[in-house]
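S.K.: Read off the chains here:
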Amino acid sequence: MGSNMAEAHPIAFASVVKAKEQGAKVMHVDPHYSRTSALANLYVPTRAGGDIVFLGAIIRHILENNGYFHDYVVNYTNAATLVREDFKDTEELDGLFSGYEADAETYTDQSTWDYERDKDGRPLSDPTLQNPRCVFQIMRRHFARYTPEMVEEVCGVPREQWLQVAQTLIENSGRERTSAICYAVGWTQQSKGVQIIRSAAIIQLLLGNIGRTGGGIMALRGHASIQGSTDIPTLYDLLSGYLPQPSALLTAVPHAEQSPGATTWSQTRDAKTNILSQQTLQDYINSSGQKLGWWSNTPAYMRSFLHAWYGDAANEEDGNCSYRLIPKITGDHSHLVTSYQMLDGKVKGYLLIGQNPAAGSSNSRMQRKALEQLDWMVVRDLYEVESAAFWYKQPGYGPDSSPVDSSKIKTEIFLMPAAATTEKEGTFTNTQRMLQWRDKAVDPPGDARSDLWFVYHLGKRLQELYAGSKQWRDQGLLSLTWDYASEKPEEGSRIVDEPDALLVLKEINGYYVHPPDAKEGEKKTYTLRDAPHVPGYAVLKDDGSTACGSWIYSGVYPAPGKNLAASRNPEGRTFLGWGYSWPANRRILYNRASADPEGKPWSERKKYVWWDETEKKWTGYDVPDFMLNRPPSFRPKPGAVGMDAHSGTDPFIMKPDGKGWLFAPKGLKDGPLPTHYEPAESPMHNALYRQQSNPAAKYFRKRPDNVLAAVGDEQYPIVITTYRLTEHHVSGQMTRWLPWLNSLQPSLFAEISPELAGERHIRHGEWLIINTPRGEIEARAMVTRRMRPLRVGGRVVHQIGLPFHWGFQGKSKGSITNDLAHMVLEPNVSIEEAKAFTCNIRPGRLP
Amino acid sequence: MAIEQGSLQSMIGALVGNKTPPLPQQTAMGFFTDTSLCIGCKACEVACKQWNQLPADEMHWTGSSYDNTGALSPTTWRHVQFIEHIGRRENGSNGQPSPIDARIAHARGEGLIPFTPPGTALPFFNTDRWLMHSDVCKHCVHAPCQEACPTGAIIHTEFNTVYVQQDICNGCGYCVVACPFGVIARDDGGDFTAHKCTLCYDRMKDGIEPACAKACPTDSIQFGEVAKLKEHARERLGFLQARGVKEARLYGVDDAILEGGLNSSFLLLDEPEVYNLPANPARPSNNVAPASLWTILAAMILGLFGIIFFRED
Amino acid sequence: MQERRILPMLPQPAQSLVSQALEFGSKVQPFSSESREKAPRIRDAKVVHSVCPYCAVGCSQNVYVKDGEVIDIEGDPNSPINHGTLCPKGSATFQYTINSSRLKQILYRAPYSDHWEVKSLDWAMEQIAQRIKKTRDETFVERLPDGREVNHTLGIACLGGATLDNEENYLMKKLLGGGLGIVSIENQARI
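Protein chains in written order, with the working numbering: chain A, 71 to 917; chain B, 34 to 346; chain C, 6 to 196.
Hint data in this document are derived by calculation from the structure and do not stem from the laboratory. Possibly wrong hints are sitting among the right ones.
Said to hold, decoys possible - Derived contacts from chain A toward chain C, CB cut-off under 7 Å, selection only:
#, residue
1, 90
2, 92
3, 95
4, 288
5, 291
6, 306
7, 379
8, 401
9, 403
10, 420
11, 475
12, 496
13, 500
14, 504
15, 547
16, 759
C-beta: ideal position from N, C-alpha, C; glycine also.
Same shape as in the complex, but just chain A (with noise of 0.2 Å):
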C-alpha cells in the first residue's frame, strides 16, 4: 500500500515476484491499477486519503476476532501497559484527543498520553489484558467503528475484499509464518502520513511481524542516499544519528511544569508549540535524552559529535560553549515552510544542491516564484534544470499567468556543472541502511567538480574570509575542524585538490582524541589524521575522548584501511559481508524479537536470532539488537536507568519500556493511535467523526497562494493522486535529458477512466485540461480501464492519477505536475499532501 513498487523500485521489486513464485501472496491496494498491481495476486482499488480506514479495521478485525499473536503482544509490545486515568480518546471528543488546544491548532498538552505509573515512575501493567485502561482495551474502543461497511463507505472498497486483505495477512502470520508491508510516498505524502505508517506498525506488532524474517515495514525511499541524507542530515531539525537540532523555542519561564520527566532526566516544553527549550547542554541532554533505553546514551554521542565538528574547542565548559555555537531552532525552518519565507522576502540566498524545487516541489508555480524573491542562489547540477531556468524560460500559461520577463527577475543565480556519481568518491546508504561505497571511475568533465569539493572549498575561503574575527559569532566559522585535503592528488586526475572523502568518512566513524588506553598525565590529543579509528558506537564517551560525526555510523570504517563499506564479499545467509548496515552491520533491527520470551526461535522456520544457553549469549544469522549477554531471564532492579533498566525479554531497546508502542504515549504531534481523518481537500465529510481533516496539520489557510477547494466542492470533484512511472526519476531533473529514457515515456499524460471520459468528452490520446485552485496544467489523455470510478460516501467518485516527470527544461518537456499541488504540512515531519487531493478536468490544451 502507498507504494507503486515495481515501479518505483523495480529491482526490489524482482524480490517480491522470487517470493510470489515461492508461494509468497503479493497484495496491493492502491487508487491506480499499475504494473505493481498487474504482477499481483490481488489487486484492491481504493480512494486516495482512505488508507486508516481500510487498516484500521484490519486491526479492528485482528482484536475482535482474536487474529494477534497473544505472546508477541502480551510480552513485546506495550498492550498491556495502563494508560492515564484522564486520557481522552477520539471516542469521546468526536475525533480529537484530549489535550487539543484549538487556538492554537495542536495538542499543547500530551501529558494525558503518558502511561499510568508507580512512584518509581514504571508504568503499570496488566498482562490479562483486561484492564479497561490497558493499551489493548482502549484500542478496541478507538477502533471499534473502523468498520467493513465503514471500508466501504470511505474507501469504496467492497468488504469482501477488503477482508481478503485482512485474512491473507493474518494466515500469514504467527509463529510459522511473517508478512511484510511495503509503503512509498504513497502513505507519507498525505496529511496523517505518520499515522498511517503508524497503522501498519500496529498490525505489524499485533501479528508479530516486527524484528522477524520475512516481517517488518518496508520504507521504500525514493532516491540513492536519501536514507543518508536522514541519518546524516541536511535536515532543519536533526543533528546526527537522530539528535536533535537544539532548539530555543522556550522563553525562560515557561508555563508548563519543569519536573523530572517520566522518561527523561527533566523536560520543559512550551505550552504552544511543544518544542523543548535547550539553552545549555545540559537542557539538551536532560530534555532530549532519555532516561531509559539505549538513547540513555545521548551525552556519549552529543559530546563527541561536537567534538567533531569543533575539535579542541568542543571541551571547553565541558562541551557547553561549542553547543552554544550551534544555531539553534525556533520554530519549523522546513522546505516548504522556508519557501513561505522566500516569498516573504525574509530569505536572500539559496544553496540549491541536486535538487530542483521549481518543478519537484509541491505547489511549484509559487516555489519558482518564490525564487524570484532572492537575491542570489547557487545551483548544482549536471544539468540546466529548471530551478536554474526559470528566470528565462519558464512558460506563461493558465488565466492569470504571462511569459516570464528576464528584466523583472533580480536574483542573481550561479549554475555550477556537478560530478556525477562514477566521478567521485564515498558512500550512499540504501533503504535497507545499508552503506555502500563508490570508487571513482573518471574525472568530471571541465569545471565540474563533486559537491564534496565545493562544500570544503567553500569552507576554506569563508575561513578565510572570516579570519582573525573575534566576534561570538563567527567562532563556529573558525573553531570548526576543516582539514580534508588528500596527502597527494589522485593518480591520473587533473584535479589536484579533491579533498579525500576517505578521510571524511573516518570522522563520520568516530576516532580518539585521546588514547585509549592512556595513563593520568599522558594525555596525547590526536587530530582526525593521525587518530586511531573507534571500532564502534560502543566505546563513545562523554568526557570529551572521542570524537564521532554520526554515532550510528560508528564502525563502518572500525581501522586504517577497513572501509566496511567497501566490502564486497557476497556470501552468507544475511550477507553480512556486503557493504555495511547501521546499527553496528544489523539487517535486521529489533531482532531479538525474531525469538520467544525464553530466547527459543518461534519456530525453526523462521529461526533467525536466539540465545544460546551453553555460549551465555545471543547468535544467530545476523548480529543481535540486543545486549550481548543479557539472559532473557534477566530483570531489572527497581530504580535501574540506561540500559540497565530494560529486562531480558524487551526486544524494543531504544524505547524507555522496551516493548513496541501499538500506543505512543509521547512523541507524535497528532495524537497517540491512528485516526482517520480525510485529507485536506476531499471530495467527502469525514464518515467517522465531526472532526474533518488532521487537526494538527499546517494548513497556511491564509495564505493566497495556497488556496484550498472546499469539502465536496462541485468545481472539484475529481480526487487526482500522483505517481512515477520506471522510465523516469522524480521531476526528471536526472532523466529528461537521456534520449534512451525519454523515447520510452516522452509525455506527461493523465489516466483516467472510460467513465469519466466520457462524462467529459474527453477522447483517448487527445489533450485535457486538470485544474485546481493553485494552478492549470495539460497532459495527454490515456483513457484506461485500470483506473475505475469508486462508489464512495453513497456516489461515485472519479480519480484520475498523473505521473510527475515532467518540466520545461530537458529534451522532453511538459507541464509539470506538482503546480496542481497545495502545501498542507503533515504535522511531524512537515510533508505536503501530494498524493490525495482534488481538481477538476477539462478537454483542450493550455493556450
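For this one, chain A is given, so just place chains B and C on it according to the hints.
M.R.: Quick look at chains B and C alone, frame taken from chain A:
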C-alpha cells in the same frame, strides 16, 4: 583475404566478401522470454541500446498503453508490449450499483454470503490482466531471413544464433520481407543495411550474458543453452498451469514453428495473436527460389559496383 | 553440420561463383573476418565499483573504463541486492553521465540580466563565498530580544542532499549549520 586474380576473381571477392570458414559449432544458445514474470520495466530495451550503443527512437507518445516503442526496428532490438485486459463489473450509468454489486448486496442481506470468504485462495494473477511481453528476434532454427539472404551476410553463428554480418550485408532487403515476425529491418535512416538482435554475439564470444537478459530484474528474459531453456520452459508451463494459470502456453519451444522451433522462445499468457505473434508463421520459401535468381543478379551488380568504387590495392 | 571448403581455396573462380551463389539458403554460412574476431568492448577494461544514482534500492554497478573513458555501465552480478540486473534508469546510467547536454562550465546570470555568462570556477567560488558572508552578516541573530541565544541566520537556506554522498552531506551540515549558523538546511527526505 580476397584473392586478386583477374576481374572475375575480384568480383567473387567483392561478392562474397572477406569470408572465412565458420567457427566450430558450440552448444546452441538462446533466449527464453517468460512473460509471466515481466514487470514491463523496459530495462531490456535500454540495456540493449546501451550495450549496442543504438540511438534512441523518436519521442512519440503512442497512447498504446505504456508502449511508446511500437515495434522492433533496426535500432530497437527489444520491444516491450503492453496489453490491457481489464474487466469491469459493469457500472450502471449515473452511479447506480452494478448488477453484480446489487446481487452481492442482496445475497449478503439474505445471509447467503458467509462473513469469511475463501480467505487466502488468491489467484496467481489478479483477474484484471495487464500483459507485458518483451519481444525480440526469434533466432529461428530454420531462419527465413537467413535463407533469403543472397550475400551470406546472415549466418547461424557457432552458437546457432542468427546474426547479420554488417561487413557483408548489402542492404538488399530480402530478409526483411522473409521474416514472418517483422523483426529484421533495414536502417534506412543510417547505413542502409539490415539490423536486428545479435544475441550480443560479441559478449557471447567471452561467455558474457546478453545485455537484456543480464539487466532483466525478474529473469523474465533468460539466456542459456537452448536445450536447457526448453526443458525449463516446459517445467514452467506445468508450474503455472498447476497454479491455475490455464491460459499459459509456450511459443517456439517445440518444433512446430518454422519446422524446427525457435532458439528464442516464449511463454505467453494468451493466444500468440494477442502479442502480435503469428500462430503459424509462414515460411516464404516458395518465394525464395525465384527471388534467389533475382538476388543473385542484384548481388552481382552490387558486387560490380563494389569492384568499381571500392577497389583496394 | 558438415564444414565445406572455403573461399581462399577456390580452384576455379567461375565455378565457385555459381556454387557459392547457389549456396545461400543452405547451412553453409561462411563467417566474415569481423565475425570471427568479434569481441566485447569491455574485454581488458578496468572495472570500477559503483552504485546506481537513482532510487534507494542501492544496486551495485560495474563501470568499465578504457583509456580514461567510461565505455559501459552494467549491474554487478555479485551484488546480493541486484544480482547483476538493473532497471531502465539504472541501465541508462551511461547516458546520464556521458551526455552532450551536461553542463561543463560555470554559468552566471547577473541580476535582471537576460542571458548566461561563462565564468571561471575560481571566480564563482570567490563570489559565492562573498555573497554568503554578506547575507550572513546582515541577517545573523545571536540572541532573541528576550535574551535567548540562537546563533543562527534565517536569511540563507539550502536544499539538496538525497543523491549526495554521506560525506558530502556531512560536510554541508557541518559548514552551513555548525559553521555559518544556517538553520534551513533541507533535502528531498522532506518531500
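S.K.: Could you check if residue 291/A really has its C-beta closer than 7 Å to a C-beta on chain C?
M.R.: holds, 4 Å
S.K.: Report holds or violated for the interface hint on residue 496/A, using the least CB-CB distance to chain C and a cut-off of 7 Å.
M.R.: holds, 3 Å
S.K.: At a threshold of 7 Å, is the proposed contact between residue 504/A and chain C supported by beta-carbon distances?
M.R.: holds, 6 Å
S.K.: Against chain C, is residue 288/A within 7 Å by beta-carbon distance?
M.R.: violated, 11 Å
S.K.: Would the hint on residue 420/A be counted as holding, given a Cβ-Cβ threshold of 7 Å to chain C?
M.R.: holds, 5 Å
S.K.: Using 7 Å as the Cβ threshold, decide whether residue 547/A counts as touching chain C.
M.R.: This hint holds: residue 547/A lies near chain C, its Cβ roughly 4 Å from the closest one there, short of 7 Å.
S.K.: Hey, does the residue 306/A contact hint survive, CB to chain C under 7 Å?
M.R.: holds, 5 Å
S.K.: Checking hints one by one. Is residue 500/A an interface residue toward chain C, by the C-beta closer than 7 Å rule?
M.R.: holds, 3 Å
S.K.: Classify the hint on residue 475/A as holds or violated, based on whether any CB of chain C lies nearer than 7 Å to its CB.
M.R.: It is violated, given that the least Cβ distance between residue 475/A and chain C is near 9 Å, above 7 Å.
S.K.: Given a cut of 7 Å on the nearest C-beta pair, is the interface hint for residue 403/A held or broken against chain C?
M.R.: holds, 4 Å
S.K.: Let's test the interface hint: is any C-beta of chain C closer than 7 Å to that of residue 90/A?
M.R.: Constraint on residue 90/A not satisfied, violated at 17 Å.
S.K.: Going by Cβ atoms only, is residue 95/A closer than 7 Å to chain C?
M.R.: Residue 95/A check fails; min Cβ-Cβ to chain C is 22 Å, beyond 7 Å.
Hint violations for this structure: numbers 1, 2, 3, 4, 8, 11, 16, all remaining hints satisfied.
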